[in-house]
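Chains as they are written, first to last, in numbering that gives the first Met the number 0: chain L, 0 to 216; chain E, 0 to 301.
Derived by calculation from the structure, the hints in this document are not laboratory data.
Keep in mind that this is a model prediction, so the values were computed, not measured.
Mixed in with the good hints there might be a few duds.
Claimed, not checked - Some chain E residues well away from chain L (every beta-carbon gap over 10 Å; in silico):
| no. | residue |
| --- | --- |
| 1 | 59 |
| 2 | 82 |
| 3 | 124 |
Unchecked claim - Here are the computed distance ranges between Cβ atoms for each label pair:
| no. | chain 1 | residue 1 | chain 2 | residue 2 | range |
| --- | --- | --- | --- | --- | --- |
| 4 | E | 136 | L | 192 | 21 to 31 Å |
| 5 | L | 52 | E | 98 | 42 to 52 Å |
| 6 | E | 262 | L | 81 | 37 to 47 Å |
| 7 | E | 126 | L | 18 | 23 to 33 Å |
Virtual Cβ for every residue (Gly too), placed ideally from N, Cα, C.
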Amino acid sequence: MGVITDNLDLWGEAIGGTLVLFFGGGLIALVLGFIVGAMRVSPIPIARAVGAVYVNWIRNTPLTLVMFFFAFCLPILLQQRLSAIALATVALGIYTATYVAETIRSGVNTVPVGQAEAARALGLTFGQVMGYVVLPQATRSVIPPMMSVFIALLKNTTVAAGFSVLNLGSVRSWMAEPPRSENQLVVLLWVMVIFVVLVLLLAWLQRTLERKWRIAR
Amino acid sequence: MSGSVLYDVPGPRAVVRNRIIGAVTILVVLVFLGWVLWRFYETGQLSPEKWELFSYTAIWMLFLEATGNTLAAFGVAAVGAVLLGFILALGRMSDHGWLRVPVAWLVEVLRAVPVLVFMMLLYYGLPVVGIKMTPYWAVVIALIAYNGSVLAEVFRAGVESLPRGQSEAAYAIGLRKSGVMRLVLLPQAVRAMLPVIISQLVVTLKDTALGFIITYHELLYLVKLLGNQALYHSPLIPSAIIGGSIYVALCLALSYLAYLVEKRTRRSPKVVTIADDGGEPPTATEAIAAGRGLGKYDASGL
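Pulled out of the complex, with its shape left as it was, chain L reads as follows (with noise of 0.2 Å):
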């Protein structure tokens, strides 16, 4: 308890890094993730193409590597220092943008085909479709998995510790004094019991979304 209790103010600002990398690259991915998912399912070939590279490219590189190239690459390139948590955070944004841009393709493809040729032959307009019949349901669909790109992209955040950036998972490294070796195996479980609290309760929230907008089909 000690480790925690001498460090408070070091504690503090590592889960303040945590959470600043959790909403910050959570912001970034549904925002980017919402225009590669549009993307994804309109009905332009290019913008489909184009979606689909990004997806698989990104989905297919490491994120370590992504944020490598944020971290040292991208201030060469651009000739300015930036700063690491800001780099870390557009990292895992553009890397958990492609999971989020899947699940809303997945979700929008389990609403039966029917339900949206029954809207239009009704006489809805495109945003009525989508506002009262498609969305509704899709969302629904989405939700669960959703959860699940935000509890991953929590678990991810401490990829940022490799790259000097202070949150939960580079605790051990900042710690003031000379890192005595008996105190990183506390840290480190410390750090472990707080991961599984965090994701233990998005889990259940997600369970609670779940069973809350279940629709039978």
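Once you have looked at the hints, place chain E on chain L.
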């Protein structure tokens, strides 16, 4: 293009509009690529000096060795993860509560801990209690633990998605519990889940890159090492391009295999289709979702 929920067959106005948006998309992509190329040119990344280092055979031998290290960690981790997955899945599906409940908790915890934190625990934490290991084993053991527990859920979801009649019939012809599992349930479950299993192996391959952070000498480590050679004008970007391409190529190859297997699986009459409710063929996530429970939150390939 039939069968999208979102739009009808486009009429003449929609066709024109789609073409315009298509042209704009091309333009945006071209502008982006042009900007990247311009930055490359501006910062001298395209100059011959930056790439000089990569004209030596010895450097390429280093790349070969680093790729070998990556694959060595991946190979052992993949085999180990599948084995551990089987063991944990059997434990989770056991009839005995004293075995099922602890294994269920173990699987939950192993999946909730970030792989990197687990690697750090093995590499930096365990020496405190006298267990020392090389970065290689820290990477391999962490990957086995995480992916094994994910695969356990995949196997379980596969078994549970099978019709009840399968196990009932197997019991009826007098098979024991082990026989039912080994001869009837698991072969079908593995066949149905093969695409998911392979995509989890892609995750394993991707996660070997985390070894870079705990100083395992894999591809990314070499990229960083070569990138800092001031004598050769610090070719970080060229070496990142080469190392990154190798990584992406390896993962793409494995993903392609998963895609091929999935296509075969979909056609094969031997495979029970899971959650067939008329719409699209089920995706990997849905197949897992069919197994109810938590099994899906990390099987989406992250």
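Taking the hints in turn, this is what the structure says about them:
No beta-carbon of chain L comes within 10 Å of the beta-carbon of residue 59 (chain E); the shortest separation is about 19 Å. Its beta-carbon lying about 23 Å from the closest one in chain L, residue 82 (chain E) satisfies the requirement of being farther than 10 Å from that chain. Against the 10 Å criterion, residue 124 (chain E) falls within the reach of chain L, whose nearest CB is about 4 Å from its own CB. Take residue 136 (chain E) and residue 192 (chain L): their Cβ atoms lie about 24 Å apart, and the range 21 to 31 Å holds.
A beta carbon spacing of about 47 Å between residue 52 (chain L) and residue 98 (chain E) agrees with the range 42 to 52 Å that was offered as a hint. Between residue 262 (chain E) and residue 81 (chain L) the Cβ separation comes to about 43 Å, which falls inside the hinted range of 37 to 47 Å. Between residue 126 (chain E) and residue 18 (chain L) the beta carbon distance is about 31 Å. The supplied range of 23 to 33 Å therefore holds.
When each numbered hint is compared with the structure, a violation occurs for hint 3 only.
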